[in-house]
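J.: Now for the letters of each chain:
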Amino acid sequence: AQKVTQAQTEISVVEKEDVTLDCVYETRDTTYYLFWYKQPPSGELVFLIRRNSFDEQNEISGRYSWNFQKSTSSFNFTITASQVVDSAVYFCALSGQNFVFGPGTRLSVLP
Amino acid sequence: DAGVIQSPRHEVTEMGQEVTLRCKPISGHNSLFWYRQTMMRGLELLIYFNNNVPIDDSGMPEDRFSAKMPNASFSTLKIQPSEPRDSAVYFCASSLWGRQETQYFGPGTRLLVL
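Here the protein sequences line up with chains A and B, keeping their order.
Reminder that position 23 of the first sequence reads as 23 in my numbering, one-by-one numbering, no gaps.
For any residue, its number in my numbering is found by taking its place in the second sequence, counting from 1, and adding 1000.
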């Protein structure tokens, strides 16, 4: 069975700090896809990134970066120089034989 | 381009009533997904369609829930009869093809069953 674990239920940081959100997954599939979504207080789900299992290159997009390590089944998300607008719940998701979301990490960035 | 459209945005109903949620996917997307989000269970995939055909409905809670996709631009999720435990936010999402492609979500329907 597939599973996504986001061990950090809630994180609080002060603006401008860097913060890493952890995502650990379990799957028996050799081909799979990993995603991150953001859910701000307004409630919508916003797509951030999609990564396939054959591409272990790290990715950077502005203040956001992602570290995919197959050896540890992790796909961690780092926000550099966090801002108040980054406050949201962040979900990691896995698509293989099935599609499953992690439980989410609530990030609060304090001014 | 318009994103995924859901209606209504909010629904309050009484136990036992029928509830119908509606979704219009992004034009050109061939897959449509229905999710339910609650505090207790998080985001759960209820059902998804490819080319209007239900592919996986293993997440549908019970017979009270049904979903249809009569054409490529419209889907409904129906709960009959509704119960208080059905109170949740219901999201619709669409993708180009299947679960491996990026899913784009609608704004959700917040359902409260009294």
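Please keep in mind that the hints were generated in silico from the structure rather than gathered at the bench.
Hints should not be assumed to be uniformly reliable.
Claimed, not checked - Below, simulated BS3-like cross-link-like pairs (lysine-lysine); rule was C-alpha separation at most 30 Å, straight line:
1. B:Lys1024 with A:Lys38
2. A:Lys16 with B:Lys1068
3. A:Lys70 with A:Lys3
4. A:Lys3 with A:Lys38
5. B:Lys1078 with A:Lys3
6. A:Lys38 with A:Lys16
7. B:Lys1068 with B:Lys1024
8. A:Lys38 with B:Lys1068
9. B:Lys1068 with A:Lys3
J.: Output the numbers, in ascending order, of every earlier hint that fails for this structure.
T.: 2
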